[in-house]
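Trainee: With chain A held as given, fit chain B onto it using these hints.
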Amino acid sequence: MKNLKHIKYVLTENPITFGSVILFLLFILTAIFGPLLIPFDPLASDTENALNPPSALHWFGTDQLGRDVFSRVVVATRLDLFIALVAVILSFVVGSILGSLAGYYGGWTDRIVGRFLDTIMAFPLFVLAMAIVAALGNTIENIVYATAIINLPFYARVARAEVNVLRNSPFVEAALVSGNSHMKLLCFQIFPNAMPPMMVQLSLNMGWAILNAAGLSFIGLGVKPPDAEWGIMVAEGANYIISGEWWVALFPGAVLMLAVFCFNLLGDGLRDIFDPRKRS
Amino acid sequence: MLQTLRIISGRLLQAIPAILGIIIVTFFLTRALPGDPAVYFAGPAADAESIAEIRHELGLDKPLPSQFLIYLQDLYQGDLGMSIGTGRPVIEELGRRLPASIELTLCALVFAISIAIPLGLLSATRPDTWIDHLTRMIVTMGVSLPTFFTGLFFIYIFYYLLGIAPSPLGRLDFIYLSPPHVTGFYLIDSLIDGDWEVFFASLSQLILPSITLGLFVLAPLARMTRASMLQVLSSDFIRTAKANGLPRRKILMTYAFRNALLPILTTMGMVFSFLLGSNVLVEKVFAWPGIGSFAIEALIASDYAAVQCFVLAMAILYVFLNLMIDVIYTLVDPRIKLSG
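These protein sequences, in sequence, are chains A and B. Position 66 (the first sequence) corresponds to 66 in the numbering used here; numbering is contiguous. Position 59 (the second sequence) corresponds to 59 in the numbering used here; numbering is contiguous.
What the hints contain is simulated information worked out from the structure, not anything from laboratory work. Computed from a prediction, not measured in an experiment: that's the story for all the values here. Heads up, the beta-carbon is just placed ideally off N, CA and C, and yes, glycines get one too. Please note that a few of the clues may not be correct.
Claimed, not checked - Chain B regions said to be covered by chain A (calculated; three or more residues, Cβ under 8 Å): (1) 10–23; (2) 138–149; (3) 153–159; (4) 287–301; (5) 311–318.
What the hints assert, rightly or not - Where chain B lies over chain A, by a calculated footprint (3+ residues, C-beta under 8 Å): (6) 217–224; (7) 256–262.
What the hints assert, rightly or not - Here are some chain A residues pointing at chain B (derived, C-beta under 7 Å): (8) G114; (9) L117; (10) D118; (11) T119; (12) L125; (13) V127; (14) A131; (15) A134; (16) G179; (17) I241; (18) G253.
Looking at chain A on its own, in the form it has when it is part of the complex (with noise of 0.2 Å):
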């Protein structure tokens, strides 16, 4: 209950926040039901209204085949938010549980997660997505896994440094003399209170991790070209950039940068709602 009362002043107090709620609200739904939703088949290509303009019709004009760009946006939403959720709650797992054994248990396991992790972040990291997508296939599937290898130091750092800390709380060692394992403590004593740090990490990586898969495709690497991604939508579009036909490629870049903005406002807004120093 006060946790609430907490979120709802966070929300009133702050209208950024407030309005990047509603804008992700928007974006989910979207991703929900957009594709039942749109005016055309995003699909269908009709070469005689090839590139047209924004119209009553086509509100976003249509592209080089004559496909609606609006319909094709809204349908990207869907694997674009797909790409970058299931990235980050693979690499929220993955580098949870990694931090919190390398936390816990400190000595050689550490040493070898943080070498691990050290491997990971001495690449450029988009350079290593680059890599990872290369020679694990051009699948959609991959872009995922590249994505979540390089987000799993974040969240493996964040969760070490905070069980690390917790670990030698009374609490813990209360709930370690009264008979408990040590896998049942790291399990639902330490890691529960580690979530809230780790919370803020989630939503501030959704954006770079949408970032990310965008500009994979961009570049031609995982998503395939009939496929609508905003990503490669914006570079099917950069061809005709310098010929006037401006609409192909803005709309979805807009809608990407939009959804990225979104996301690095609500990190900012969890944080404050997460970080105790501002609780009042």
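Mentor: Same frame as chain A, now just chain B:
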């Protein structure tokens, strides 16, 4: 001094496991690349026998561990293999293109620093005012912009609509000859040559891609500047300085900012990770002849050696940059010398 040297060499040693890790990862990643280079080299008319022969020649029929040893040996000799696309050593090709990428990255960095630090200072001296909120909005927007998208729209606005930017095709308009090669940086080379026209021509080509790239890293820089300035401004020595009636400007710039610089320096690692990564995208958008666009071509052609070399070069460059940041940190922060 000896102390500092010892700390620096300690840092250098710490980079070795990272480089080893990089080499192992790149090796396995590129061995997994789809497409068989032996088939490619053998040409379309080759039969199974000649493909097998070429595979043997390339060492591709050996087990992975021995392939890795051969790879290490080649690396040691500076032999990174031939590019399938150009038929020339990849390292030569990358070396030729590297200055273009570095020039672009550095210009972006200069742009980002010169915008982000004043913004950070501005919001740190006026926390929780509308100026603070506005800068926070601006930098969040910057980090939310997909670099490839921003680049395209800069081209649309400044080249297509306004006509004030040069055509987004590489480092120099085709009416100019590139300056005589000294450093590979066109800005510096044209100055050495004393050719102002080429200098301004290459500068004007650089502006849009650098801004595109720089916008993306405004956020970490500005946020860190704000946070670390706020922390310094609330410390005792600033209060003392204020109580002694020192001018505001002197307090801010001489005492506060210099102390706030250190945490800003630590974010540079992340800034470089962002810069080098999105470099690839920006180079594609602006047809910039750097190593990023080379890598994209190589990826599409599944060109083994070229991709491997690119990833390796990027990672080593990044490790090197991180090392430099560490070394500068050691040199700047007197406390490290005392405790280390």
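Trainee: Against this structure, judge whether each hint is valid.
Mentor: Hint by hint, here is what the structure shows:
With a cut-off of 8 Å between beta carbons, the region 10–23 of chain B has 5 residues touching chain A; three or more are needed, and the interface restraint holds. Under a criterion of three residues with beta carbons nearer than 8 Å to beta carbons of chain A, the stated coverage of the region 138–149 of chain B is upheld, 9 such residues being counted. Counting residues of the region 153–159 of chain B whose beta-carbon sits less than 8 Å from any beta-carbon of chain A gives 4, enough to reach three: the coverage restraint holds. Beta-carbon proximity to chain A at under 8 Å applies to 4 residues in the region 287–301 of chain B; the threshold of 3 is reached and the given coverage holds.
With 4 residues bearing a CB less than 8 Å from a CB of chain A, the region 311–318 of chain B meets the requirement of three and the coverage assertion stands. Here the region 217–224 of chain A counts 4 residues with a CB under 8 Å from a CB of chain B, which clears the bar of 3, and the coverage holds. Check result for the region 256–262 of chain A against chain B: holds, 4 residues qualifying (beta carbon to beta carbon below 8 Å, three or more required). Hint status for G114(A) relative to chain B: violated, with the closest Cβ pair at about 10 Å, above 7 Å.
Nearest Cβ of chain B to the Cβ of L117(A): about 10 Å, over the 7 Å cut. The hint is violated. Evaluation of the D118(A) hint against chain B yields a held restraint, the C-beta minimum of about 6 Å falling below 7 Å. Against a cut-off of 7 Å between C-beta atoms, the interface hint on T119(A) holds, since the closest Cβ of chain B lies about 3 Å away. The beta carbon of L125(A) comes within 6 Å of a beta carbon in chain B, closer than 7 Å, and the hint placing it at the interface holds.
Hint on V127(A) holds. Least Cβ distance to chain B is approximately 5 Å, under the 7 Å limit. At its closest, the beta carbon of A131(A) sits 5 Å from a beta carbon of chain B; the interface hint therefore holds under the 7 Å criterion. With a least beta-carbon distance of about 5 Å to chain B, the hint placing A134(A) at the interface is held under the 7 Å criterion. Taking 7 Å as the C-beta contact cut-off toward chain B, the hint placing G179(A) at the interface is violated, the least distance being around 40 Å.
With a least beta-carbon distance of about 5 Å to chain B, the hint placing I241(A) at the interface is held under the 7 Å criterion. Interface hint at G253(A): satisfied, since its Cβ lies 4 Å from the closest Cβ of chain B, which is below the 7 Å cut-off.
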